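Enquirer: Here the protein sequences come in this chain order: A, B, C and D.
Under numbering that gives the first Met the number 0, the first residue of the first sequence carries the number 0, and numbering increases by one thereafter.
Under numbering that gives the first Met the number 0, the first residue of the second sequence carries the number 0, and numbering increases by one thereafter.
Under numbering that gives the first Met the number 0, the first residue of the third sequence carries the number 0, and numbering increases by one thereafter.
Under numbering that gives the first Met the number 0, the first residue of the fourth sequence carries the number 0, and numbering increases by one thereafter.
Hints were generated in silico from the structure; no laboratory data involved.
In this text the structure is predicted, and so the values were computed from the model without any measurement.
It is possible that part of the hints are untrue.
[Unchecked claim] Pulled a few chain C residues facing chain B out of the computed Cβ check, cut under 8 angstroms:
1. E82
2. A119
3. A144
4. R146
5. D149
6. G163
7. P307
Virtual Cβ for every residue (Gly too), placed ideally from N, Cα, C.
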Amino acid sequence: MTEFLLGAAGFILLTVTVGLVRILAGPGNIDRTAAAQLLGTGGIAALLLVAGATGARGAEDVALGLALLAAFASVAFVNSVEQRPSDNAERADP
Amino acid sequence: MNAATLAGLSGAALIGLGLYGVLTHPHPLRKLLSFNVLGSGVFLMFGIIARKGAAAGLAADPVPQALVITGIVIAFSATALAVALLLRLFAVDRSATLRPDATIERNDRSDA
Amino acid sequence: MTIIEALDIGLAFLVLGVAGWTIAAHEAFTAVIGYVVYGLLLALVWVRLFALDVALTEAAIGSGVTGVLLISAAVRLRASEAEMMHERLGIAPRLVAAALCLVAAAALAAVVLDMPDPGATLAPQARQPLAELGLGNAITAVLIAYRAFDTMLEKVVLVLAVIGVWSLSTDANWGGLAGPTRLERTEGPLAFLAQLLPPLGIIVALHIVWVGANEPGGAFQGGALLSAMALIVLMARLREAPAIGRRWLRVALISGPVVFLAIGLLGFALAGGFLAYPLGFAKPVIVFIEVFMTLSVAATLPMLVIGPPDRRPS
Amino acid sequence: MKSVADIFTIVAVCAGSFFFLAGTVGLLRFPDSLTRLHALTKADNLGLGLVVLGLLPQANGFLGGLKLVAVWLLVQLAGATVAQVIAEALRRRGPPP
Numbered sequence: 000m001t002e003f004l005l006g007a008a009g010f011i012l013l014t015v016t017v018g019l020v021r022i023l024a025g026p027g028n029i030d031r032t033a034a035a036q037l038l039g040t041g042g043i044a045a046l047l048l049v050a051g052a053t054g055a056r057g058a059e060d061v062a063l064g065l066a067l068l069a070a071f072a073s074v075a076f077v078n079s080v081e082q083r084p085s086d087n088a089e090r091a092d093p
Numbered sequence: 000m001n002a003a004t005l006a007g008l009s010g011a012a013l014i015g016l017g018l019y020g021v022l023t024h025p026h027p028l029r030k031l032l033s034f035n036v037l038g039s040g041v042f043l044m045f046g047i048i049a050r051k052g053a054a055a056g057l058a059a060d061p062v063p064q065a066l067v068i069t070g071i072v073i074a075f076s077a078t079a080l081a082v083a084l085l086l087r088l089f090a091v092d093r094s095a096t097l098r099p100d101a102t103i104e105r106n107d108r109s110d111a
Numbered sequence: 000m001t002i003i004e005a006l007d008i009g010l011a012f013l014v015l016g017v018a019g020w021t022i023a024a025h026e027a028f029t030a031v032i033g034y035v036v037y038g039l040l041l042a043l044v045w046v047r048l049f050a051l052d053v054a055l056t057e058a059a060i061g062s063g064v065t066g067v068l069l070i071s072a073a074v075r076l077r078a079s080e081a082e083m084m085h086e087r088l089g090i091a092p093r094l095v096a097a098a099l100c101l102v103a104a105a106a107l108a109a110v111v112l113d114m115p116d117p118g119a120t121l122a123p124q125a126r127q128p129l130a131e132l133g134l135g136n137a138i139t140a141v142l143i144a145y146r147a148f149d150t151m152l153e154k155v156v157l158v159l160a161v162i163g164v165w166s167l168s169t170d171a172n173w174g175g176l177a178g179p180t181r182l183e184r185t186e187g188p189l190a191f192l193a194q195l196l197p198p199l200g201i202i203v204a205l206h207i208v209w210v211g212a213n214e215p216g217g218a219f220q221g222g223a224l225l226s227a228m229a230l231i232v233l234m235a236r237l238r239e240a241p242a243i244g245r246r247w248l249r250v251a252l253i254s255g256p257v258v259f260l261a262i263g264l265l266g267f268a269l270a271g272g273f274l275a276y277p278l279g280f281a282k283p284v285i286v287f288i289e290v291f292m293t294l295s296v297a298a299t300l301p302m303l304v305i306g307p308p309d310r311r312p313s
Numbered sequence: 000m001k002s003v004a005d006i007f008t009i010v011a012v013c014a015g016s017f018f019f020l021a022g023t024v025g026l027l028r029f030p031d032s033l034t035r036l037h038a039l040t041k042a043d044n045l046g047l048g049l050v051v052l053g054l055l056p057q058a059n060g061f062l063g064g065l066k067l068v069a070v071w072l073l074v075q076l077a078g079a080t081v082a083q084v085i086a087e088a089l090r091r092r093g094p095p096p
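Just chain A, with the same shape it has in the complex (with noise of 0.2 angstroms):
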């Protein structure tokens, strides 16, 4: 069971970052974000698979801080374009 559990959290982290690669290199500050977005889901599923396979005491409550931050850096992204429309911000953004 441990096996299968670390390994699964394996899969998912690696297709996350498979993603995070494709995305770094790509088209604008948005898909980057959202990529970041999805990094974090799969983080804390991975985090809470390994917690499940090793039995590390307290790793649900790392799980919760993360989840109750996951939507920060998207939300501080968008929030802080917005407030300066003037800055022809985003340009690269198809």
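Let chain A serve as the given structure and place chains B, C and D on it in line with the hints.
Expert: Positioned in the frame of chain A, the structure of chains B, C and D alone reads:
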């Protein structure tokens, strides 16, 4: 190779990477980011020391861990102060350069 | 090689790769996105090192709150980047710097590989007063008893940082609402999130502070989550940030260090030394200090993130 | 010898992993930002949801299970909001390509 040694080696590599960034990036915000990478590398070194000090039924030595927690908070407050200084510099100078001669050029221009 | 080793190695490469991206990225904004992801991955690494307290701190502060700070800074400084492109170093100095950093990293790696195992440890000393203090989490015990002086000074540093940030406001704006001028209040999904998340976040944060005595958690982690909730309300513009002259704000900012210092001084009278806790009564005193430390952290971090006032006091 | 709970865990976690894969493939292959957002939310909802569902039988008592479900709900809330907010920002920027 166990997780602790691996984390220690990653810490060493992160210190190298961060140091390179601090030295080579001209933009202060990038220097700041690199400095934070460097700092987290140092924290990871503390992590391996903590893990190797596992004793008395604890999975890791609590003293280095407490140091790291303090360190993360202090690193954050230093970063926040640096960001505020940087934004102020940009607001006053319309530039974020750290070259001392750049400000002098600017002043000369505005005097003329 | 077992699966867990493969996972650890993969995670290490991932961390290094994202860190490399943060250093090498062309624009500051993409570098910051890399840094946010990097913080999250570091939290995973700390879980693998069985340092859950550190993982929680890294997740809340290293990734979450620092992320908000740096993302808004990167967006506001975007205009300064193009101008500084010509200041980039030539290839030769970069190679010299790279070689230097390689030597530094290699030396540290050699130290890591040469470390005695098991190494020197203070774990038995840190564990020994646990029963006396009525605590189960050795890290909380270290923070609040064994190295209490450091923790108190750290709170002072946080207050000093806030003073430093505020002092960057202009004379005219002194006493105004903290942070940059914002747009109208938003409606829609962001407002919904900012109304729904804080009650849940406050429950989680209080839980983390409360269990911090025995399980991973504590005042820093809980306070950082509370400050994140304050930030989401500010980012959705449901409420304005308070004016920096408000008395309740200032009291909240300094409550942590002041209470800590006062109890430390009381230690002379009651327990025979600075920051000594009275025997048999230590746990309630520690919880009392932690409550005010949480409040202090929760008030300080948002003030540090949103920056000095940008408007005249009304 | 595997118990029913273990088989349930394996099936659900595998299904969850599949949705993470699907979300990533969508992120890589879909033509524009709006459709990529669509792919993203699948990983948030179903990927993490199924992983949490699969871990529930292994959970650490009632409180542990409750925390797992809370993690999923919080990530759902975050994912849904972020998708909305980003889509709104995209729309304001101009017509879709």
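Enquirer: All hints are to be evaluated individually against the structure, with a verdict given for each.
Expert: Evaluated hints:
1. Nearest Cβ of chain B to the Cβ of E82/C: about 6 angstroms, under the 8 angstroms cut. The hint holds.
2. Because the closest C-beta pair between A119/C and chain B is about 6 angstroms apart, less than 8 angstroms, the hint holds.
3. Checking A144/C against chain B by beta carbon gives a least distance of about 10 angstroms; that is not within 8 angstroms, so the hint is violated.
4. With a least beta-carbon distance of about 6 angstroms to chain B, the hint placing R146/C at the interface is held under the 8 angstroms criterion.
5. Nearest Cβ of chain B to the Cβ of D149/C: about 6 angstroms, under the 8 angstroms cut. The hint holds.
6. Here the hint on G163/C is kept, as its CB sits about 5 angstroms from the closest CB of chain B, short of 8 angstroms.
7. Annotation: P307/C was flagged as interfacial toward chain B, and the flag holds, the nearest CB pair being 6 angstroms apart, inside 8 angstroms.
Hint 3 from the earlier list is the only one contradicted by this structure; the remaining hints agree with it.
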